[in-house]
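Residue-level listing of the chains:
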Amino acid sequence: MPNSALKASIAVLAALAAALVIAACGGGGGGEAKSGGTLKVLDTAGGVDSLDPGYWYYQSDYQELFTTTQRALYGWKPDGDTPTPDLATTLPKVSNGGKTVTIHIKSGIKYSAPLQNRTVKTADIKYAMERCFLPQVANGYAPVYYADLVGLKNYQDKKASDIKGLQTPNDTTLVINTTKPAGVLTFANGGALGMPCTVPVPKDYAQKYDQGKQSTYGQHQVFTGPYMIQNDGKGNITGYKPSQKLTLVRNPSWDKSTDFKPAYFDRIEETCCSDSTVAAKQTLSGQNLLSGDYAAPPTPVLKSALSSQKDQLSIKSSGGNRYISLNTQVKPLDNVNVRRAIAAVIDRTVLRQTRGGPTLGTIATHFLPPGIAGFDDAGGTNGPGDDFASSPTANVALAKSYMKKAGYANGMYSGPALLTIADNASPAKETAEAFQEQVKAIGLKLQYREVPHATMLSKFCQVPKQKVAICPNLGWGADFFSAQSFIDPLFNGANIVPSGNVNTAMVNDPKLNAQIDQAKQITDNTKSAAAWANLDKQVTSQAYFIPWLWDNNVGLESTNLKGVPSKFNSGAWDFAFSSLK
Amino acid sequence: MTTAYDPTREQPEFALEISEGEGAAIAARSPLELFRRRLRHDRVALAAAGFIVFLVFCAVFAPLIVKLVGVTGPTHQNPHALDSFGTPSGPSSSHPFGVDQLGRDVFARVLYGARVSLEVAIVATAISVLIGVTLGMIAGYFRGWIDTGISRVIDVLLAFPILLFGIGLASACSLGNGCLGGLIKPGLTVVIFVIAFVNWTYIARIIRGQVLSLREKEFVEASRSLGASNRRIIFRELLPNLVAPIIVYSTLVIPQNILFEASLSFLGVGIQPPDASWGQMLADATSIFDTAWWYMLFPGAALLLTVLAFNLLGDGLHDALNPRVGK
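Sequences listed follow chains A and B, in order. Read in order, the letters of the first sequence correspond to residues 1 to 581 in the working numbering. Read in order, the letters of the second sequence correspond to residues 582 to 908 in the working numbering.
FYI, nobody ran anything at the bench for these hints, they're computed from the structure. For glycine and all other residues, C-beta sits at the position ideal for the given N, C-alpha and C. A few of these clues could be false.
[To be verified] Each computed DSS-like pair below joins lysine-lysine, with the alpha-carbon atoms no more than 30 angstroms apart:
#, chain 1, residue 1, chain 2, residue 2
1, A, LYS440, B, LYS648
2, A, LYS241, A, LYS404
3, A, LYS93, A, LYS106
4, A, LYS445, B, LYS648
[Stated by the list, open to error] Covered stretches of chain B, going by a simulated chain A footprint (3 or more residues, C-beta under 8 angstroms):
#, region
5, 615-626
6, 661-675
7, 849-857
[What the hints assert, rightly or not] Example chain B residues on the side facing chain A (calculated, C-beta under 10 angstroms, incomplete):
#, residue
8, GLN682
9, LEU683
10, ASP865
11, ASN892
Could you put the whole structure together from the sequences, leaning on the hints where they help?
As structure tokens, this is what we get:
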């Protein structure tokens, strides 16, 4: 599960990049939203991962399918950081000391053909959540966020045919019972009830597809959102060719009056996979185009666009960060002062420059990125004030003083070289090579290797047995506005696993673990934010990870478009709110 | 050539050259002198040799040159040579070849890259020549099952997808203490090993062919009938006659090896950062080619000129040593 969370973060980060600095250019340039027309989207990174709502987790899944073709219990308006009831009528009612959550849904919401005569019932949402635990669906987050459901263990062990903790007293009511209070289910620290696992899936229709090795429901799904993937009306998708095209058309069963999404376009055509420079130039000079799943446009394009086509750029904080991981089980990184020395000696401005400079993000002073609950409590942009973490440039004198505290007489490291595994693709490799050069100032010797990104994670950084000392190219993205999705998988010792381990610093402090478990149970927004902020301060002060950048997402739009970036989805365009001018 | 053993015919090619000059004043020229005379007339080969001498000089004195020109060292990163987007700046007085994405001086890196290329070229070529000549001579001289064995090994190695093998081995050995109990260390040694391992086969084949014909020559038979040992025949009779092909083919293998090293480094399995290598610089340059042409041009030109120079010199040597062939 943490693995998938990281995969999510990779996907999210892959599609990342730019700043608070130049906030809110997107959608600018005036012009009223106009209904109709065709939106064209250029993907460069492969497009969506799966058609199955139970699988959707990554930025492109959310952007291209989730917000356009389906409705969940809750959704997010593009500029909102609190959820908006979508299928639900109101925010959930919490009772029983946080262990019972009650939700009512709208009646009369219909599915697309061939189930056009059927309305959405809470039983469909119950099944949707249950199928997220099926191996055929390969969901990445359900075991994390829905872990405390009553009767989950029995269901997973096949001793029960359903999850007892999900009850549907009538067609419009869903009652969720958990074994202990769960903040993620009450929107205290995020919104696991707004994730695609709550997209209704009619059991009697879908069950036959949820068999075998892999569910094929995605290819036969019925839609509730304003659009549907082009299909033959008999439950077979025709508008999708993997890594080539994805065509969305209007869903005749969708009733605008029940939804908060305006859905201006008549048709959305997503094509894959152009070269990122070509795609960026086409989007800027063409018509009806929005950038799809690609990372920040190549620097030359970005540079010229910033000077002459600034109103076609949207630069938003993405809710993701980048950090250098220091393995606390490898000497001398077990010493907090050595870790602080490394944090002090790196030049964050230079590291950011390797990615394209200030447009690509804000220099991080603590672990939680902006936009996440708890960010402000932890000190906001200025951070909690740790001397080793707050300077954007290198502070060699301070670093040496920490090395002296760690017992290195002249402030210089002496000892064996530290195994460092970096990404071999630009711009990550430049970042790592800059890091390699910077730590020489405290005499740190690295046994430095560059490998492909996937190898770096699956063979080295996420495998504790490899004892990789330093991983300079890691990053994390938010699942929703949840601090839990940052702190729990990365710093909770209970989450250390032999492979796919995202607690790369191998942090296992019983006191910290207990505090994390407590914070997860808080169902009050303010208290939750304060608790996570406190944890953020602790992990920053321990310098397990050295955060150095809070990423921005850079979106591009054609001149005749009024693109709307989604705060919830890492600053990527929200197709259901964007329109022609 | 049916006469009995005649010491002057020991090196038949050069003897022929002497007979050509018979009409004019008869001067006995040693084979070395003849070789020099012919090479002196080959201006292209001389120019190539000149360039190689220059390159070796640059590589040996790289630190000194870097200091004299007044640029920063090959691994020194100067963020001020980049703009706020991280775009590198082009050739200027402080950086004659411009800088790369990390603000490292391209001139210094090209210069230090020459060291890598030459080191790989010379060491790997020496190893492959040593192995190739030894096994080639053994196979050609003893024939029989020894020849069959060695030839089949060569066939197998020649059928190897060399680049893929190189990538595989290099990435397998690029971690920790390397492979084979630390014999093949990550970085330069892996590259040298891979190149030597695959390249000896070409030389072995050529030497084997030469030995197969030489061993039937009268002087060898005479030597054998006088009771000379195999060792004496191989080292005293055969080896001197193989000097020409060895020199020519080593010179021709060197550029291949340089390119092979560049390919491996281009693919990221060769020389590891922060050390500079031309192949690795070319790979880095591809992503910013349209803004930083200098980063691809200079290492590319250095690679091209070096390979060209070795090839031209090899051709020249070939012509000078074997005037009857190839013209």
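For each hint given before, does the structure comply? Return the numbers of the non-compliant ones in rising order. 2, 5 and 11
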